[in-house]
Amino acid sequence: LAKTTQPISMDSYEGQEVNITCSHNNIATNDYITWYQQFPSQGPRFIIQGYKTKVTNEVASLFIPADRKSSTLSLPRVSLSDTAVYYCLVGDGYGGATNKLIFGTGTLLAVQP
Amino acid sequence: GAVVSQHPSRVICKSGTSVKIECRSLDFQATTMFWYRQFPKQSLMLMATSNEGSKATYEQGVEKDKFLINHASLTLSTLTVTSAHPEDSSFYICSAPQENTEAFFGQGTRLTVV
Chain A
683 LAKTTQPISM DSYEGQEVNI TCSHNNIATN DYITWYQQFP SQGPRFIIQG
733 YKTKVTNEVA SLFIPADRKS STLSLPRVSL SDTAVYYCLV GDGYGGATNK
783 LIFGTGTLLA VQP
Chain B
43 GAVVSQHPSR VICKSGTSVK IECRSLDFQA TTMFWYRQFP KQSLMLMATS
93 NEGSKATYEQ GVEKDKFLIN HASLTLSTLT VTSAHPEDSS FYICSAPQEN
143 TEAFFGQGTR LTVV
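Chains as they are written, first to last, in this note's numbering: chain A, 683 to 795; chain B, 43 to 156.
Some hints here could point you the wrong way.
Stated by the list, open to error - If you want the ones that stay clear, here's a sample from chain B, every Cβ over 12 Å from chain A, calculated: (1) S57; (2) V61; (3) K83; (4) T99; (5) T122; (6) S125; (7) P139; (8) E144; (9) F146; (10) V155.
Claimed, not checked - Capping the alpha-carbon separation at 27 Å, the derived lysine-lysine pairs in BS3-like fashion look like this: (11) K685(A) to K62(B); (12) K736(A) to K83(B); (13) K83(B) to K97(B).
Quick caveat, the hints were computed from the structure, so don't treat them as lab data.
C-beta atoms are modelled at their ideal positions from N, C-alpha and C, and glycine is treated no differently.
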């Protein structure tokens, strides 16, 4: 499983766009990139997944360059409730029944008023 | 979306006793479930893979005799922390993956051993 590197923490203010970058230099051809969000004392929650280029859903966008050695999670107009730890994971597909999800350090995003 | 439920959400037990944590997939069948442990301000650490109908697979460094895992049905996996000690105090989280969709996580169980 490819190792990921993320900033330990980031600060932002309400209403700003936040971009969290993750490095995964050893990503394999069949690996997908998945981001999870975790609030204190809760289990992680799926945010978004992508393989290449750009993916967008109702909560975030994921940008993946052509070499796929990094990815950027973009959160538009964050609010205080977006304060959480964000994990970038790399693995085969959704990390389904035959795959484990291995979590890296994550990025603690602190949104201030 | 699919729901994974853990019970209890928090438990306090005396040192030397055993504690059982349940993980249920509420609206889908899960032949495999994963158990994680998370210490304060740290990431999730995978402990073991729970396999329905067979023995669990433990990650390196995790004592299988201390953390007993039973996956008796397609919707239930249990983690029993045996002879708990204060250093076992942690946040335990289970997840249940589905084919071709994201893995779902339980809400976690806060274990405090006193």
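Hints, one by one, checked against the model:
| no. | hint | verdict |
| --- | --- | --- |
| 1 | S57 | 23 Å, holds |
| 2 | V61 | 17 Å, holds |
| 3 | K83 | 9 Å, violated |
| 4 | T99 | 9 Å, violated |
| 5 | T122 | 20 Å, holds |
| 6 | S125 | 25 Å, holds |
| 7 | P139 | 5 Å, violated |
| 8 | E144 | 4 Å, violated |
| 9 | F146 | 8 Å, violated |
| 10 | V155 | 17 Å, holds |
| 11 | K685(A) to K62(B) | 32 Å, violated |
| 12 | K736(A) to K83(B) | 31 Å, violated |
| 13 | K83(B) to K97(B) | 31 Å, violated |
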